[in-house]
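K.L.:
Okay, here's what each chain looks like letter by letter:
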Amino acid sequence: MKVLVFDPELCDGCRVCEEVCSQTLFKEVDHQKSALCILDVEGQPGRYQANVCVQCGECIDICPALAIQRDKRGVVRIDKNLCVGCLSCVGFCPYLAMRVHPDYVVPFKCVSCGACAKQCPTGALSVQDLPDAELTVTEKRMKVMASPQAEVVA
Amino acid sequence: MNVQSKAAGQGTVPVETLRAAHRVLAEFRYTPPKVERGYANRTLYINVGDNTIASKPMDDKMKQTFIGGRGFGLWLLWNAVSGDTRWNDPENEVILSSGPIGGTTVYPGAGKSIAVSLSPLTGTVIDSNVGGHFGPLLKFSGWDAIEVQGQAEEEVIVFVDGNKGLVQIIAAPLEESDSYVLPEQIVELFADTPAEKAGISSVSSGAGAEHTLMGCLNVTYYDMRRQFARVKQAGRGGIGTVLRHKKVKALVVKYLGVKGDSNAPADWEDLTRVGTKMHREIYVQDPIMNDMRGGGTTMLTAIMNDFDLLPVHNFRLGSHPEAKGLFKPQFKPYLNEGIPNGCWYGCTLACSSCVEGFRPRTGPYQGQSVHVDGPEYETVAGVGSNCGIFDPHAVLEINFYCDTYGVDTISFGTAMAFAMECYEAGILNQERTGGLDLHFGNAAASLEALHQMARGEGFGPVVGLGVRRMKKLFADKYGADPQFLQDIGMECKGLEYSEYVSKESIAQQGGYGLANKGPQHDEAWLIFMDAITKQIPTFEDKAEALHYFPMFRTWFGLNGLCKLPWNDVEPADNKKKNLPRVAARVPEHVSNYIRLFVAVTGRKDVKEPEDLVRMSEAVYNFQRLFNLKMGFGTREHDAIPYRSMGPVTAEEYESRAERYDAQLREIGFNPDGRSTAEKMAALRKHREERYQTLTDAVYKRRGWTADGIPTLETVKRLGIDYPDIEALLRKHLK
Chain A
910 MKVLVFDPEL CDGCRVCEEV CSQTLFKEVD HQKSALCILD VEGQPGRYQA NVCVQCGECI
970 DICPALAIQR DKRGVVRIDK NLCVGCLSCV GFCPYLAMRV HPDYVVPFKC VSCGACAKQC
1030 PTGALSVQDL PDAELTVTEK RMKVMASPQA EVVA
Chain B
3 MNVQSKAAGQ GTVPVETLRA AHRVLAEFRY TPPKVERGYA NRTLYINVGD NTIASKPMDD
63 KMKQTFIGGR GFGLWLLWNA VSGDTRWNDP ENEVILSSGP IGGTTVYPGA GKSIAVSLSP
123 LTGTVIDSNV GGHFGPLLKF SGWDAIEVQG QAEEEVIVFV DGNKGLVQII AAPLEESDSY
183 VLPEQIVELF ADTPAEKAGI SSVSSGAGAE HTLMGCLNVT YYDMRRQFAR VKQAGRGGIG
243 TVLRHKKVKA LVVKYLGVKG DSNAPADWED LTRVGTKMHR EIYVQDPIMN DMRGGGTTML
303 TAIMNDFDLL PVHNFRLGSH PEAKGLFKPQ FKPYLNEGIP NGCWYGCTLA CSSCVEGFRP
363 RTGPYQGQSV HVDGPEYETV AGVGSNCGIF DPHAVLEINF YCDTYGVDTI SFGTAMAFAM
423 ECYEAGILNQ ERTGGLDLHF GNAAASLEAL HQMARGEGFG PVVGLGVRRM KKLFADKYGA
483 DPQFLQDIGM ECKGLEYSEY VSKESIAQQG GYGLANKGPQ HDEAWLIFMD AITKQIPTFE
543 DKAEALHYFP MFRTWFGLNG LCKLPWNDVE PADNKKKNLP RVAARVPEHV SNYIRLFVAV
603 TGRKDVKEPE DLVRMSEAVY NFQRLFNLKM GFGTREHDAI PYRSMGPVTA EEYESRAERY
663 DAQLREIGFN PDGRSTAEKM AALRKHREER YQTLTDAVYK RRGWTADGIP TLETVKRLGI
723 DYPDIEALLR KHLK
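Residue numbers (this note's numbering), protein chains in the order written: chain A, 910 to 1063; chain B, 3 to 736.
Some hints here could point you the wrong way.
A partial selection of chain B residues facing chain A, derived with a Cβ cut-off under 7 Å [unchecked claim]: (1) T107; (2) M226; (3) R227; (4) G259; (5) D263; (6) E271; (7) T278; (8) H281; (9) Y285; (10) Q287; (11) G340; (12) P342; (13) Y347; (14) G348; (15) R667; (16) I669.
What the hints contain is simulated information worked out from the structure, not anything from laboratory work. Even glycine gets a Cβ: it sits at the ideal position worked out from N, Cα and C.
Assemble the whole structure, with the sequences as input and the hints as a guide.
P.N.:
Structure below.
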């Protein structure tokens, strides 16, 4: 699965990535509308950490509308048409990497598009192909449902 | 699972055949309005007797005074019936309404509907709250409430299509009335594509409701992962019986396109803040608190048993060595988890457990693989421990058939427990029960009585009359001692008790006895703060609690909210930051609710917790006056059976002799050398006096007369001084 990977050794905290991200997602430069967030490391001036989706897929099992699914690249994506705006996924993200902004009723997240990585001046960001995450309960159920012989029992 | 496999062996008719038999009896077209700040600003009136469909406008006074949900239900019903109307008159209505916050998706527990009707059990107004998607989808379709009046000549379905702006009354002769198959037939009938199933919710009951007075409503939502319709119950008071008496098979709403802002809140930004904060709190706190997400309310059985509060053998006892058979770990293997179990979008507390692949051992679904919605604590305690049944499979099976037949599990459990005690006491025998051996613990007999309710034969329908009518019947027909029946019959106002032993909590005795609709714990649950942590020692303290909590909790029912996310999960610092009495109110959550209400409605005059209480107070007093209008609503109707106050039998006294002896000493009665009968009499006198003292204190706090009637001053203060209310009061306040 494709995952945006951050290298803290290379980041200089310029936050160009945030601007690129919001521009890509919403056609405007607004740090509050970026799916990744560069944060200062407390007590260590000049050190930074990134808060961004790791594509673990836990939100897939949280979404009551089945609006969150994994695409062919292994990236977890929100279907805006199916999303009911409950923001359960925002509260239940183990990494607090699901974003919400008052201008929108649908949350947003990193989809490993790589736009930020291309513009990162220090090369601190890259999209890498990591081993697939384990199937979620939802994905397992959907597999069973799709198979006509299968019993509908978890 | 499709309709055919679900109903295998039931002779289910193909959907095309069902549809071909439909005839549209009435049709109404409308332009679906935009919801504004939580309101659609009109209600839908249906008369299935003369096939009228009409839109009723709503004024600001109705919104200001009655808010929504239960408040709207009460107001609409008040205007539809007279003091002489009976539950089975065509004038009676079944009303469902969510409320202004209902349909909000960002805050947990915000999709409830409140059903209101004249109750077959109590003869007066009843309200019962229920999950499922009906109320929110109805509002997004343009209707804050639906009221169904009249009695149809043939079986009908009422269908609302909120996208097309269409309401129909449809003659529907071939659908099952059974709430296991019918909801599946409905999604198949009204969804044009599989994806549309998620936009459909129905309200139905079943054959058990037709032959008893304790019919429940089953309100559905479509579970997209499990791919079948889930059912939640508006259980209390027999509203399902009213629905079936009207020959309404189902109320159906279809609305596609629910979004985060479908409820058109005034302040989306603050809603997202308070909503995501609450989701996060549940994520962190639920696993270390009640673990609702991991089994709903089943964790309560062990706690109640530990504190001697679990009803056992018709509320004789509060615990039992075999009760562990019904603890959460016994149910866990049945539950399918890891996927959403909320009964409305965004409920991350997710208490709606579901058992899949369950195989009943009796009845029409014997041996088939079915799914059960539940179990919930009330069902476990009611049909389980209270009847001496400690087998989780039997409890699930009774749960399944109660839902399927449209029977309230609480009334069923409490009424069955009463019948069982009468059997043990020799008032009933196999001759009188038509062969049913109703000893405590006989699950097979309990199930057979339930199947009889559906078939309308045998002793089952007698149990289905409820405790109050059984008491009279057994005294009249079998010469049983009316006082004994009164003492052990766990009903008040005609409604069966819900499943908590209140003997050691005087405040909870009031919580049950002084509740508007009858003894249901949704008004007040004060046992811990009263009897265990002893936070409310004086009668004034108890009266204050019996003012605040019923009013506060009424507020949920006005707004389409569930009570559980209020105090079944708490902020981590709740108990550190607040004194115990304050912590019990969960101040941060109360503040959340104020923010929610303001963010949805945009009302600027709601700032303090007292503002929420004031809203409820008007509706609460209105409901009390509704009882008065119907010939009830005075002090005599707040009387409670002694079983809810103390030990009725020597066995009960002696099983807790140490406790009771100590209490007698405290009141200056030396138990040494006294017979159990003498001690019981002294204890009873004391406890009954205390209940009267409590009643006086609560009436005073609520602004009522000594007879329990709201004073003219109270009515004026609350802005419910309508001419007909003043006339009613003039008649009663001499």
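K.L.:
Broken hints, numbered, in rising order?
P.N.:
Those not satisfied are hints 4, 10, 15, 16.
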